[in-house]
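A.B. asks: For this one, chain X is given, so just place chain H with the ligands on it according to the hints.
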Amino acid sequence: MTDSSFPAEKGKRLFVCGATSAIALPVCRRLAADSASFFLVARNAQRLDRVAADLSTRGAARVETRCLDLTKTARHSDLVSEAFATFGEFDIAFLAHGILGDPSRVVEDPKEAEKVLQTNFTSAVSLLTLLANRFEKQRRGTIAVITSVAGDRGRKSNYVYGSAKAGLTVFLQGLRHRLHSAGVRVVAIKPGFILTPMTENLARKPLAVEPKQIAPDILRSFESGPEEVYTPWFWKPIMTAIRWIPEPLFKRLDL
Amino acid sequence: MLPALSCRLSNAKNEFVLTSLESWGRTIRSRCHLRRLRWVDEEWHTESSSCLAVGERRSYGDVCLPREKGTALDCRSLDRILHFDPEAMVLTCEAGLRFSALLDFLVPRGFFPPVVPGTKGITVGGAVANDIHGKNHHKDGSFGNHVLSLTLRHHGRTIETSPQTNPHLFRATIGGLGLTGLIQDVTFRLRRIPSSWLLQEHIPFSSLETFLDLDRSSSEEWPYTVSWIDWASRSPKLFGRGVFIRGRETADIPSTRARFERAPTNVGTIPFRPPLRCLSEIGLSLYNSLTLHTRLSSKENGLVHFDPFFFPLDHIENWNLLYGPKGFFQYQAVFPEAKASSALEKLEKVLFDAPIRSFLTVLKRFGSKNPTGYLSFPRAGITVALDFPNIPPHTLDLMERIDQIVLESGGALYPAKDARMSPSLFRHSFPNHSLFREHIDPLFASRFSDRIGLTSP
Ligand SMILES: Cc1cc2nc3c(=O)[nH]c(=O)nc-3n(C[C@H](O)[C@H](O)[C@H](O)COP(=O)(O)OP(=O)(O)OC[C@H]3O[C@@H](n4cnc5c(N)ncnc54)[C@H](O)[C@@H]3O)c2cc1C
Ligand SMILES: NC(=O)c1ccc[n+]([C@@H]2O[C@H](COP(=O)([O-])OP(=O)(O)OC[C@H]3O[C@@H](n4cnc5c(N)ncnc54)[C@H](OP(=O)(O)O)[C@@H]3O)[C@@H](O)[C@H]2O)c1
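Going down the list, the sequences are from chains X and H.
Mapped onto my numbering, the consecutive letters of the first sequence carry residue numbers 1 to 255.
Mapped onto my numbering, the consecutive letters of the second sequence carry residue numbers 1 to 457.
Please keep in mind that the hints were generated in silico from the structure rather than gathered at the bench.
Just so we're clear, the structure is a prediction, and the values are computed from it rather than from any experiment.
Where hints are given, some of them may not hold.
What the hints assert, rightly or not - In silico lysine to any residue, SDA-like type, Cα no more than 20 Å apart, as pairs: (1) X:K205 <-> H:S20; (2) X:K156 <-> X:A241; (3) X:K212 <-> H:K139; (4) X:K212 <-> H:P264; (5) X:K205 <-> H:F105; (6) H:K346 <-> H:P236; (7) X:K212 <-> H:L18; (8) X:K205 <-> H:R38; (9) X:K115 <-> X:N44; (10) X:K236 <-> X:D217; (11) X:K156 <-> X:F171; (12) X:K205 <-> H:L18; (13) X:K212 <-> H:R38; (14) H:K346 <-> H:L407; (15) X:K251 <-> X:F234; (16) X:K212 <-> H:R98; (17) X:K212 <-> H:D79; (18) H:K346 <-> H:E400; (19) X:K205 <-> H:L37; (20) H:K69 <-> H:E22; (21) X:K212 <-> H:A101; (22) H:K346 <-> H:P271; (23) H:K69 <-> H:D307; (24) X:K205 <-> H:S77; (25) X:K137 <-> X:L179; (26) X:K212 <-> H:S77; (27) X:K156 <-> X:S104; (28) X:K205 <-> H:T19; (29) H:K139 <-> H:A338; (30) X:K212 <-> H:F105; (31) X:K205 <-> H:R35; (32) X:K156 <-> X:A33; (33) H:K369 <-> H:R191; (34) H:K326 <-> H:P271; (35) X:K212 <-> H:R76.
To be verified - Stretch-level coverage of chain H by chain X, calculated; a stretch enters the list once three of its residues show a Cβ under 8 Å from a Cβ in chain X: (36) 35-41; (37) 79-90.
Even for Gly, the Cβ is constructed at its ideal location relative to N, Cα and C.
This is chain X alone, in the form it adopts within the complex (with noise of 0.2 Å):
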């Protein structure tokens, strides 16, 4: 995947969006303790900061912020032209952001259930597109998002996140055949029950894990190995088993 134009001993380069998200911290801190450069984006600026912070403390090369409400796709041309200009190149571009949405209300509000699309599936679509032009012109690196095992399978808990989220994975399965060609990575990452301000307030949450203990898969799919993957690894079976039910006993569990 590297490039042999690509000096090795300088760190990674990353542009991140939701540089906030809990899920993300251990991932960029990682990279951090190994030189990496940091283009972070985010909504709320004292909290980039500490992150920001927190990434240079413990070893980033360099570490630039933008505040973005990321919903606002107009400001993304300039956003991605803005961080190739200051750092050139990226080796990876990791999407983090996302919201879960008001579970009471999204069911009922149209207008909560558009914030979730607009959140999780239009901004992504929009910063992808313009990310994978850049990315095709520089013909390596890897483009990583995070999707949820949520869009496997819709169900009454969440499906309005879940149709954001499996509409988001489509879109990545089209992206990494377009870029295939070009040497690009397009890796859809499907957490499932991860302990974060996400999932603080749901009732219940099977299986959750920390976000440290996701940072590995994370890392390597960056690198190598299967362009979907599901962390921790027993979400596999899980979700496989789940799309099996049929539509006429799904309907009667209470998933």
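C.D. replies: Okay, now just chain H with the ligands, sitting in the frame of chain X:
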């Protein structure tokens, strides 16, 4: 992993469901709300009228337990390192950073925390709020002596405190048992180390007198000292023997060793909660004889990695479970210099005649550096830490008898280890308690502060 496990099981609908929290000694539980903080700027809406910031809950008693139905603010995800200045030897981090992670960061860079306790499983916030001490107290004082500034959430506002800015609040917060508010960020001075190795010596002693002599002759040249004494044996011949352990940093290491080697990560865990106490008196005396034996064998003298030197108990992550469901008490007192040797003699006599035994007894000299906090425990003298299994009613009776020795000598008990001291013993131990009181944030309280009368439920 014990605290983490109990949070996980109870995190479901974290806002409304009560969680049963316990601390290291497992003698007290609090049914409370649990709120995991992720960001220092987070607004936590309290379901209850009182809360308490908590770290790894490695305190033995109730200083780290919120009131019944109160809210525990779990700070362990506040673990960002914000600034590191190797020239000035200063680090700023969020208060939930664990010492194990701090060591992983510092040691490869040639630095060390200024003070470490007997476990690397604590947070920086816990180190401040209990003003912890380590094996270097006789030279360097306690953790608070090295803190340069603190950012505190106090009365709903974020306030900077240091010896220059809001100095009284600073002094109240160091050793302040979490009662002055939520500590957000801590800036402290570091220690430079020549390698991750120490030169250690084990010297056997047969009586308190020889311990005191050894201690006097070692304090100057050895930055780290501690002693282990067998006050468990029933045999008068064995009772009172001990080992004096001293260490110093060294750059003189064989070429086969890496200069900065990380701590070993292979720790054992006890996979379930034993329904019975696994530590019996027979097992204990065997253990003590064995330890004494191996400690005296020559291979214990020489080069040792910092991890087994400072954190010998960390090799089994949750050894506290071995004491069974009733848990155990630790009793840590300090006897002031002038009265120390007579108090220790009295204590030795009481312990020899007692119906139960202290499984692990540690002696250590505290130096004369003035502590920063109004409620700091360390002060010049000798400190003793005893571990008692919880055997009603003997354990509480015995500790009350020892209280008398502490009172008579003008000594003090350590809140971090305490689950039962009386309000009056607290006031005798901490004469500055009334200066401290003015700085309590009324939103914060612990089972300890209610029990000894710093706050009222
Ligand atoms: C095996 C073992 C060995 C030990 N050896 C020593 C030793 O050698 N020397 C020594 O001094 N102690 C020792 N201790 C005790 C331990 O160092 C202290 O109890 C320490 O405070 C525990 O830190 P913690 O992160 O677990 O905090 P907790 O026990 O969770 O909390 C301790 C106090 O800190 C407060 N607190 C925690 N975080 C914050 C925050 N962010 N803001 C405000 N307040 C906060 C809590 O309210 C509470 O009052 C030992 C403990 C064990 C289990
Ligand atoms: N936790 C799980 O169980 C789980 C499971 C499967 C998949 N995932 C996915 O994993 C990813 C990371 O989530 P997490 O669990 O780590 O939760 P998190 O800590 O809440 O992270 C979400 C991140 O998204 C950012 N974000 C949200 N809306 C944004 C917007 N409009 N513009 C810019 N940034 C925005 C947030 O930053 P600001 O608020 O600062 O903007 C935050 O950094 C998400 O895509 C999520 O869907 C999570």
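A.B. asks: The structure should be examined with respect to each hint, and the outcome stated for every one.
C.D. replies: Results of checking the hints against the structure:
1. The hinted pair formed by K205 (chain X) and S20 (chain H) meets the criterion: a straight-line CA distance of about 19 Å does not exceed 20 Å.
2. Taking the CA atoms of K156 (chain X) and A241 (chain X), the gap is about 18 Å. The hint holds against a cut of 20 Å.
3. With a C-alpha separation of about 38 Å, the suggested pairing of K212 (chain X) with K139 (chain H) is violated against the 20 Å cut-off.
4. Proximity of K212 (chain X) to P264 (chain H) is assessed by CA-CA distance (about 19 Å); at most 20 Å being required, the pair is judged to hold.
5. For the proposed pair K205 (chain X) and F105 (chain H), the alpha carbon gap of about 32 Å is over 20 Å, so the pair is violated.
6. Between K346 (chain H) and P236 (chain H) the CA atoms are separated by roughly 16 Å; this keeps the pair inside 20 Å, and the hint holds.
7. For the hint linking K212 (chain X) to L18 (chain H), the alpha-carbon distance of about 26 Å lies beyond 20 Å, and the restraint is violated.
8. The suggested pairing of K205 (chain X) with R38 (chain H) holds, with an alpha-carbon distance near 19 Å, which does not exceed 20 Å.
9. About 18 Å separates the Cα atoms of K115 (chain X) and N44 (chain X), which keeps this hinted pair within 20 Å; it holds.
10. Proposed proximity of K236 (chain X) and D217 (chain X) is supported: the alpha carbons are some 13 Å apart, at most 20 Å.
11. For the hint pairing K156 (chain X) with F171 (chain X), the CA-to-CA distance comes to about 23 Å; that exceeds 20 Å, so the pair is violated.
12. Between the alpha carbons of K205 (chain X) and L18 (chain H) the distance comes to roughly 17 Å, so the proposed pair stays at or under 20 Å and holds.
13. For a cut-off of 20 Å, the pair hint linking K212 (chain X) to R38 (chain H) stands: about 15 Å separates their Cα positions.
14. Under the criterion of a C-alpha separation no larger than 20 Å, the hint pairing K346 (chain H) with L407 (chain H) is consistent with the structure, at around 13 Å.
15. Proximity of K251 (chain X) to F234 (chain X) is assessed by CA-CA distance (about 24 Å); at most 20 Å being required, the pair is judged violated.
16. Of the pairs offered as hints, the one joining K212 (chain X) and R98 (chain H) holds, with about 15 Å between alpha carbons and a cut-off of 20 Å not exceeded.
17. Restraint check for K212 (chain X) and D79 (chain H): the C-alpha separation of about 13 Å stays at or below 20 Å, so the hint holds.
18. Pair hint K346 (chain H) plus E400 (chain H) holds up; C-alpha atoms about 14 Å apart against a cutoff of 20 Å.
19. For a cut-off of 20 Å, the pair hint linking K205 (chain X) to L37 (chain H) stands: about 18 Å separates their Cα positions.
20. Of the pairs offered as hints, the one joining K69 (chain H) and E22 (chain H) holds, with about 14 Å between alpha carbons and a cut-off of 20 Å not exceeded.
21. For the hint pairing K212 (chain X) with A101 (chain H), the CA-to-CA distance comes to about 13 Å; that is within 20 Å, so the pair holds.
22. Proposed proximity of K346 (chain H) and P271 (chain H) is contradicted: the alpha carbons are some 40 Å apart, above 20 Å.
23. Distance hint between K69 (chain H) and D307 (chain H) is unfulfilled; the C-alpha atoms sit about 38 Å from each other, more than 20 Å.
24. Taking the CA atoms of K205 (chain X) and S77 (chain H), the gap is about 19 Å. The hint holds against a cut of 20 Å.
25. At most 20 Å may separate the alpha-carbon atoms for a hinted pair to count; K137 (chain X) and L179 (chain X) meet this at roughly 10 Å.
26. Between K212 (chain X) and S77 (chain H) the CA atoms are separated by roughly 11 Å; this keeps the pair inside 20 Å, and the hint holds.
27. Using a Cα cut-off of 20 Å, the hinted pair K156 (chain X) and S104 (chain X) holds, with the two alpha carbons roughly 11 Å apart.
28. Distance hint between K205 (chain X) and T19 (chain H) is fulfilled; the C-alpha atoms sit about 16 Å from each other, no more than 20 Å.
29. At roughly 19 Å between alpha-carbon atoms, K139 (chain H) and A338 (chain H) fall within 20 Å of each other, so this suggested pair holds.
30. The suggested pairing of K212 (chain X) with F105 (chain H) holds, with an alpha-carbon distance near 16 Å, which does not exceed 20 Å.
31. Only pairs whose Cα atoms come within 20 Å are accepted, and K205 (chain X) paired with R35 (chain H) is accepted, the gap being roughly 16 Å.
32. For the given pair, K156 (chain X) sits about 41 Å from A33 (chain X) by alpha-carbon distance, which is inconsistent with the 20 Å threshold.
33. For the given pair, K369 (chain H) sits about 17 Å from R191 (chain H) by alpha-carbon distance, which is consistent with the 20 Å threshold.
34. The hinted pair formed by K326 (chain H) and P271 (chain H) meets the criterion: a straight-line CA distance of about 18 Å does not exceed 20 Å.
35. Simply put, K212 (chain X) and R76 (chain H) have alpha-carbon atoms about 13 Å apart, close enough for the 20 Å limit, and the pair holds.
36. Using a Cβ-Cβ cut-off of 8 Å, 5 residues of the stretch 35-41 of chain H lie near chain X, which meets the minimum of three, so the contact claim holds.
37. For the stretch 79-90 of chain H, the assignment as covered by chain X holds, since 5 residues bring a beta-carbon within under 8 Å of that chain's beta-carbons and 3 suffice.
The structure does not agree with the numbered hints 3, 5, 7, 11, 15, 22, 23 and 32 stated previously, though it agrees with the rest.
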